[in-house]
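Start from the sequences and build out the full structure, keeping to the hints where you can.
Going line by line, the protein sequences match chains A and B. Counting from 1, one number per residue, gives the positions in the first sequence under our numbering. Counting from 810, one number per residue, gives the positions in the second sequence under our numbering.
Each hint should be verified, as a subset may be incorrect.
[What the hints assert, rightly or not] Just so you have them, the derived chain A footprint on chain B, three or more residues with Cβ under 8 Å:
1) 839-852
2) 950-963
3) 995-1001
Just so you know, these hints were derived from the structure itself, not from any lab. Just so we're clear, the structure is a prediction, and the values are computed from it rather than from any experiment. All C-beta atoms, glycine included, are put in the ideal place defined by N, C-alpha and C.
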Amino acid sequence: MTHPAERFLDGLGARPQGFQREAWSAWVKGHSGLIHAPTGTGKTLAAWGGPLADALENPPRALAWLWITPLRALAVDTARSLDAPLDVLGFDWRVGLRTGDTSASARRKLRDAPPPAMVTTPESLSLMLSYADADRRLGRLRGVIVDEWHELLGSKRGVLLELALARLRALNPGLQLWGLSATLGNLDEAMETLIGPGRQGRLIAGDLRRDIDVETLLPPAVERFPQAGRTGLVQLPGVIDALDRASSTLLFTNTRSQAELWFRAIQSVAPFADRVALHHGSIDRKSRLDAEAGLRDGRLRCVVATSSLDLGVDFSPVEQVIQVGSPKGIARLMQRAGRSGHRPGQRARLLCVPTHALEILEIAAAREKMAAGEVEARVPPAGCLDVIAQHLVTVALGSGFREAAMREEIAGTRVGRRLGAEQWQWLLDFITRGGPALKAYPDFRRVEIDADGVYRVKDRRIARMHRMSVGTITADASLQVRFRRGARLGHIEERFLTRLKPGETFIFAGRALRLERIRDMTAYVRASSSNKASVPRWAGGRLPLSTLLADSLLELLERCESGRTLPADAAVVAPLLAEQQRRSALPGPGRLVVERISSREGAHLYLFPFAGRLAHEGLAALLAWRIGQRAPRTFSLTVNDYGIELVSQRPVPLDVPTLRELLSPGQLLEDILAALNASEMARHRFRDIARIAGLVFQGYPGRQKGARQVQASSGLMFDVLSEHDPANPLLDQSRREVLEAELEFSRLETCLTALAARDIALTDPGRLTPLAFPLWADRLRGQLSSEQWEDRVERMLDRLDRRPERRTA
Amino acid sequence: MRIELAGQILELLPEGAVWWPAHDALLVADLHLGKDQVFRRHGMALPASVLDGELERLDQLLAAHPARELIVLGDLVHAPPEPGENWPEVVARWRRDHPGLAIGVVPGNHDRALAPQLKSWDMIDLGARHERDGLTLMHETNLDRPEPGLSGHVHPVARIRSGAERLRLPVFARRDQHLILPAFGRFTGGYNLGDDRHWQCLAAAGHRVVALG
Chain A
1 MTHPAERFLD GLGARPQGFQ REAWSAWVKG HSGLIHAPTG TGKTLAAWGG
51 PLADALENPP RALAWLWITP LRALAVDTAR SLDAPLDVLG FDWRVGLRTG
101 DTSASARRKL RDAPPPAMVT TPESLSLMLS YADADRRLGR LRGVIVDEWH
151 ELLGSKRGVL LELALARLRA LNPGLQLWGL SATLGNLDEA METLIGPGRQ
201 GRLIAGDLRR DIDVETLLPP AVERFPQAGR TGLVQLPGVI DALDRASSTL
251 LFTNTRSQAE LWFRAIQSVA PFADRVALHH GSIDRKSRLD AEAGLRDGRL
301 RCVVATSSLD LGVDFSPVEQ VIQVGSPKGI ARLMQRAGRS GHRPGQRARL
351 LCVPTHALEI LEIAAAREKM AAGEVEARVP PAGCLDVIAQ HLVTVALGSG
401 FREAAMREEI AGTRVGRRLG AEQWQWLLDF ITRGGPALKA YPDFRRVEID
451 ADGVYRVKDR RIARMHRMSV GTITADASLQ VRFRRGARLG HIEERFLTRL
501 KPGETFIFAG RALRLERIRD MTAYVRASSS NKASVPRWAG GRLPLSTLLA
551 DSLLELLERC ESGRTLPADA AVVAPLLAEQ QRRSALPGPG RLVVERISSR
601 EGAHLYLFPF AGRLAHEGLA ALLAWRIGQR APRTFSLTVN DYGIELVSQR
651 PVPLDVPTLR ELLSPGQLLE DILAALNASE MARHRFRDIA RIAGLVFQGY
701 PGRQKGARQV QASSGLMFDV LSEHDPANPL LDQSRREVLE AELEFSRLET
751 CLTALAARDI ALTDPGRLTP LAFPLWADRL RGQLSSEQWE DRVERMLDRL
801 DRRPERRTA
Chain B
810 MRIELAGQIL ELLPEGAVWW PAHDALLVAD LHLGKDQVFR RHGMALPASV
860 LDGELERLDQ LLAAHPAREL IVLGDLVHAP PEPGENWPEV VARWRRDHPG
910 LAIGVVPGNH DRALAPQLKS WDMIDLGARH ERDGLTLMHE TNLDRPEPGL
960 SGHVHPVARI RSGAERLRLP VFARRDQHLI LPAFGRFTGG YNLGDDRHWQ
1010 CLAAAGHRVV ALG
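This is how it looks when you write it as structure tokens:
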């Protein structure tokens, strides 16, 4: 008998692929599992086929399937593509939609007459669990499908979902869980996290041999001294040529500011200026949807985008994808390439535009790893007491829970598996009375234990506040940008806008805008013709070079060093590498290069471990601190993805044994905490943790006047807890998280361990080398000193006092 | 740091208070006592020792200066106590430890309906505008046209930076003959007056007060 999904494909003139059949049959047998395949290869139907067949066999009379999508912006498109086979197969229902954008009345309708299947987000699922009838409404679910699981896996949103899924599994032990994922380096872990450790699952591989052509747009001339941080706009003519050749193009940049610049540049020279659009996370939702639609129906020739378009429902007619700058990782390269030729069997094409010479090498390195089938892993976060606390309150607010059963449920998840008895007790104390000491938090009421031993939330104010705070995403405060009377343009972070004065000009949403005034969380602007406009720099967004790609890069350098041939495009960089080798040495998998130079500025020390920007931040701070312990001095530090620069007034006496001591992985954690004023960093990090755990309440900006009285600053909370409850595990969590998030601590640890086994080439090149130059050019990022925070305050005040500057020495 | 305000000599203390030698008086603003309790009521976990901490800091101030009078420039409390709450008793006990001290309160917007409470704490309501030696003591001033006197309410802070380092400090803010005190309560937010060119900021930091900008 033909599978119903096959009948649907028949109508499209297509035939099912092997992995789709495999998934359908696994579904009938009641399995759970993970389907992994590149974007646009038919994963959706592979997962949806099971429920379709089931719906024909046993028509559901309640909500039977949930389809979880990571972005609510994708939900509409997802529902539409799930609806497509329903008509063909003669169903009289449609897939429902419940996200943060769903109106209250639509939500009520979904409650009163639930459709058999519903598309929703992790946060909305959590919210559904927080209602008293959660058991009844979600207890008859037959299956949950998590789309783009790789996007959620590495984040706390993934943890929140993991816990919610455990809840659903507890309601119905026969529940089927399926994940859809791009290719990952840790697929087993990805599946285990989704379906619960120790449970049987099926790992189904899609068509992995999808061909991707990666080309590099070589610049007219390759400079001998590459400079990172450039926009790459010298490559504009070549990009315009490429745009001309394709009927539709998606141009990706790595940052929003770069997207703004490239959009302006293309618009000002391309003959099809009116058929170019801009798409990034800060742009108004309507304009983004317009851009997506324009791409879909062929109205637009080119959309300039950031990672905001990395995810998404298949829109086939993109003929070509251009990536400006290095993709910084293999997974990202594949993801973006997958946006083109979006049909099974079609080749995906990606044109990479390097913004400096060494990126030519990065692109070649990424291509080689991709060809070898290697991809980065996404590691799920550990600990996460904040998320677990939030989940416990959510369940207490919904159906309520008993301790023993809940303990078992949480222990059945990856994140809860290693939760010790002590941590569990703290969690219960935290939600019921604020903390372990009985008298420490008088009149605290959040979760109460009723006479039957069931944990419940009774206070309606607390219920309302909790529902408003469900989720793990904390956006920076952002202001709406709009014309005085009229169009909304999008949102910009408050930090950038408040630095501008009225009358100043900035570029946003592809236009030059003059700031008129800021009022009620809105920035009013008017169009400007000024050319001297600043481009907002959005926080975050810049990913460090992945470990896998960095290793591949070192292998390429090694190949060059030993005189073997480089890939054709990378060969243009050969003269630059020869120069590096002549003046100093080439780094490689077995060799760390360290260079010493002196200049009028002082003594420069360069190291090239190739461990990525974040780990280098940690390494630079660590080195400066360790050197300072031997003989106090002040350094200025600069890092990039390849290496670090330390500049001091007097040279650091160094030989290879001393370097080995300075780079030893022993005492790493202690030293890094001492070096980095980690508590100040943790204080900042604490914001997210405090909000997720329900320690602070931020409400909605511009609304909820009544609740404003209880809006707290997490910075204050951090200070208060550090002072009065220093053992609070959330403080410790924020310290650990800050090290991992800001410095990739575990990567730094691995890097130092690896360095111990590498040769060290200590050279005195006399002048800057090609690898050192970009660092030298990016100088003056941070001053590090080995003083205490108090001393730093005093020193800053000294400077403000205009006394002569005091050096650490 | 000593300043002169409408002919009166005032000493700005790094703890965020003002010493007025002519009256042997200490002035503080915006204690927001009981704010932690409001948060606890709403299910947010704040340690009880927050209140003890604030009172202890007042004790240290009183021990260091021979004060006969303590004047609070508004927002003594964050919200009136609810029945059954224990913290007013903690404040009352603290009050009994300072029998010789007169405590006057210029009520602020958070001190609504506090009259019975003030009475039980043996504190005097000085009224919304209290004149003394040419200075008006009030809770809230007009930031564009401040009159000679002292106030609180805005919790002024300034952001300063030097190289890559950044700091946010509570400040005294002065314009003409008016001085705004920083919030004395530690568990309070702040409003950045540091970039306002009309106001001169004096940072209360560490062990001294420093003029900024």
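Structure-based check of all given hints:
{"no.": "1", "hint": "839-852", "result": "holds (count 8)"}
{"no.": "2", "hint": "950-963", "result": "violated (count 0)"}
{"no.": "3", "hint": "995-1001", "result": "holds (count 4)"}
Figure legend: structure checked against the earlier numbered hints; the only hint not met is number 2.
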